[in-house]
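Novice: Just need the whole structure built from these sequences, with the hints factored in.
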Amino acid sequence: MTRRALVVYCHPSPTSFVAAARDRVVAGLDASGAEVRLTDLYGEGFTPELSADEHATHLDAGVDPSITSHAENLMWCDTLVLIYPTWWSGQPAMLKGWFDRVWASGVAWELPEGANRLAPRLRNVRRVVAVTTHGSPKHINMVEGEGGKRTITRSLRAMCHPLCRTSWLALYNIDRCSESERLMFLDRVEQRLRR
Amino acid sequence: MCASVSNNDTVHAAVVLAHPRADSYAHALAQRAVDGLQAAGHRVDIIDLYADGFRAAMSEAEQEAYRGNQPILDPLVQTSADLVRNVDALIFVYPTWWSGLPAILKGWMERVMVPGVGFTFDERTGKVRPGLTNVRHLIGISTYGSPKSIVRVVNDNGRRTIMRALRLSCGFGVRTHWHGLYAIDTSTVGQRAEFAAHIERSMTNLR
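Chains L and W are the protein sequences, given in the same order.
Using the working numbering, read the first sequence as starting at 9 and increasing by one per residue.
Using the working numbering, read the second sequence as starting at 159 and increasing by one per residue.
Calculated directly from the structure, the hints in this document are not laboratory data.
Since the structure is predicted, the reported quantities are computational estimates derived from the model, not experimental observations.
Misleading hints may appear alongside valid ones.
To be verified - Computed Cβ-Cβ distance ranges for the label pairs, DEER-style:
#: 1; chain 1: W; residue 1: 227; chain 2: L; residue 2: 185; range: 24 to 32 Å
#: 2; chain 1: W; residue 1: 359; chain 2: L; residue 2: 9; range: 34 to 42 Å
#: 3; chain 1: W; residue 1: 280; chain 2: L; residue 2: 122; range: 49 to 57 Å
#: 4; chain 1: L; residue 1: 66; chain 2: W; residue 2: 225; range: 45 to 53 Å
#: 5; chain 1: L; residue 1: 76; chain 2: W; residue 2: 226; range: 16 to 24 Å
#: 6; chain 1: W; residue 1: 232; chain 2: L; residue 2: 76; range: 55 to 63 Å
#: 7; chain 1: L; residue 1: 145; chain 2: W; residue 2: 330; range: 16 to 24 Å
#: 8; chain 1: W; residue 1: 226; chain 2: L; residue 2: 122; range: 52 to 60 Å
#: 9; chain 1: L; residue 1: 70; chain 2: W; residue 2: 218; range: 30 to 38 Å
#: 10; chain 1: L; residue 1: 22; chain 2: W; residue 2: 344; range: 39 to 47 Å
#: 11; chain 1: L; residue 1: 191; chain 2: W; residue 2: 193; range: 52 to 60 Å
Unchecked claim - So the derived list for chain L, only partly shown, Cβ under 8 Å to chain W, looks like this:
#: 12; residue: 21
#: 13; residue: 125
#: 14; residue: 169
Claimed, not checked - Which bits of chain L does chain W cover? Going by a derived footprint, with three or more residues having C-beta under 8 Å, they are:
#: 15; stretch: 26-32
#: 16; stretch: 154-166
Idealized CB from N, CA, C, for every residue including glycine.
Specialist: Pasting the structure below:
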């Protein structure tokens with residue numbers, strides 16, 4: 009069966025290293041024969057702020073009509089790839105807003121009457137891959153608690169298939185690493201997405 | 159220097175509030191925090207991100223300006239930056255979503271805590287130095303949909319972003335305080351009232 013991959017890319021600059029990583033992700037997925045849908049949050053001018061109306065109806069199933077396609081893509085894919093720079097130990101606000109608004113009731117979860125634990129709905133998602141860059145070295149991120157990594161591998165993953173695999177592809181200390189280290193990282197990203 | 163700064167008992171606090179609805183419990187908590195601070199004679203400034211129409215996403219121009227001499231391009235961001243450089247206490251009030259900060263608050267950190275505000279790059283060593291050495295109290299007040307046991311399992315990422323990542327930008331002597339109300343959907347009116355009263359008391363007791 010053909011893999012269905014949703015790639016969510018988040019960086020304000022089209023010439024960034026993260027944009028280069030996105031191209032290698034797509035190349036790897038194409039080579040594996042996957043069907044790919046690419047979301048460029050900055051490119052399409054996604055609104056990351058969850059609105060008062062959305063909050064008032066957040067227990068009702070569904071998303072705001074303006075972001076229906078995002079919810080459909082999320083419910084369609086079996087592989088989710090998130091590509092972003094790590095800022096303040098987590099996802100950029102733009103990507104966090106995509107979680108806040110698209111991972112909604114009736115899409116990612118439902119809350120049974122009287123419960124306080126979300127029941128997962130994204131059984132279609134069997135693999136989540138994070139591709140990210142860090143300005144700081146790994147040990148600093150460990151001191152900071154690796155919030156971004158765990159938001160994906162724990163909070164979001166809990167809404168996916170029970171056997172969902174997660175992959176963490178991260179380049180640390182990007183401002184100080186060499187050209188060859190950066191190129192090696194890109195090769196590694198493409199290799200991992202081929203499988 | 160004005161008198162209130164030289165007086166050690168008076169705290170100048172900034173409350174940063176992130177909730178889209180003015181009738182929310184988060185707004186009520188922020189108000190109780192302000193009441194508590196004012197009751198003790200402390201000085202408070204509130205930043206209500208949604209009411210201000212704060213833009214969450216760092217723009218391409220801001221990203222380009224990040225390493226330059228003028229990384230702040232938005233007057234609203236400048237107002238926050240001027241404030242956080244002068245306060246003794248930084249207080250965040252928000253609902254935890256996906257174990258972290260609402261996008262608008264995460265974006266506030268990204269756009270306000272730029273080089274020269276949140277930290278500085280040491281030109282000689284290339285190291286990052288804290289910029290918020292004026293902040294003596296770093297305080298988080300948050301509500302959670304999940305019970306505390308689940309919050310622990312998923313790593314309480316928003317709390318760590320503030321209490322660890324942002325803490326590294328404060329001085330060595332900074333004190334951190336965390337106030338969480340868990341499982342809010344199944345909490346009682348009494349529990350919420352008690353939590354709000356606890357917030358007011360602890361703000362009054364800030365020194």
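Novice: Work down the list of hints and note, for each, if the structure agrees.
Specialist: Hint by hint, here is what the structure shows:
In this structure the supplied range 24 to 32 Å holds for residue 227 of chain W paired with residue 185 of chain L, their Cβ-Cβ distance being about 25 Å. Look at residue 359 of chain W against residue 9 of chain L: about 59 Å separates their beta carbons, and that is not inside 34 to 42 Å. Residue 280 of chain W and residue 122 of chain L have their C-beta atoms about 55 Å apart, which keeps the hinted 49 to 57 Å range intact. The beta-carbon spacing between residue 66 of chain L and residue 225 of chain W, approximately 38 Å, falls outside the hinted interval of 45 to 53 Å.
The hint said 16 to 24 Å for the Cβ distance between residue 76 of chain L and residue 226 of chain W, and at roughly 39 Å that hint is violated. For residue 232 of chain W and residue 76 of chain L, the hinted distance range of 55 to 63 Å is not satisfied, since their beta carbons lie about 31 Å from each other. Taken as a hint, the range 16 to 24 Å holds for the pair residue 145 of chain L and residue 330 of chain W, whose Cβ atoms sit roughly 21 Å apart. As the Cβ distance of residue 226 of chain W to residue 122 of chain L is approximately 54 Å, the hint placing it in 52 to 60 Å holds.
Distance hint check: the CB atoms of residue 70 of chain L and residue 218 of chain W are about 32 Å apart, consistent with the given range 30 to 38 Å. In this structure the hint that residue 22 of chain L and residue 344 of chain W lie 39 to 47 Å apart at CB holds, the actual value being about 46 Å. Judged by the Cβ atoms, the range 52 to 60 Å given for residue 191 of chain L and residue 193 of chain W holds: they are separated by roughly 57 Å. Satisfaction of the interface hint for residue 21 of chain L is found here, the shortest Cβ-Cβ separation to chain W being roughly 5 Å, below the 8 Å cut-off.
The restraint placing residue 125 of chain L at the interface with chain W holds, with a minimum CB-CB distance near 6 Å, inside the 8 Å limit. Look at residue 169 of chain L: its Cβ only gets to about 17 Å from chain W, farther than 8 Å, so that hint breaks. Restraint check on the stretch 26-32 of chain L versus chain W: 0 residues with Cβ-Cβ distances below 8 Å, three needed, restraint violated. With a threshold of 8 Å between beta carbons, the proposed coverage of the stretch 154-166 of chain L by chain W holds, since 9 of its residues qualify and at least three are required.
Violation of the numbered hints given earlier is confined to hints 2, 4, 5, 6, 14, 15; the remaining hints are satisfied by the structure.
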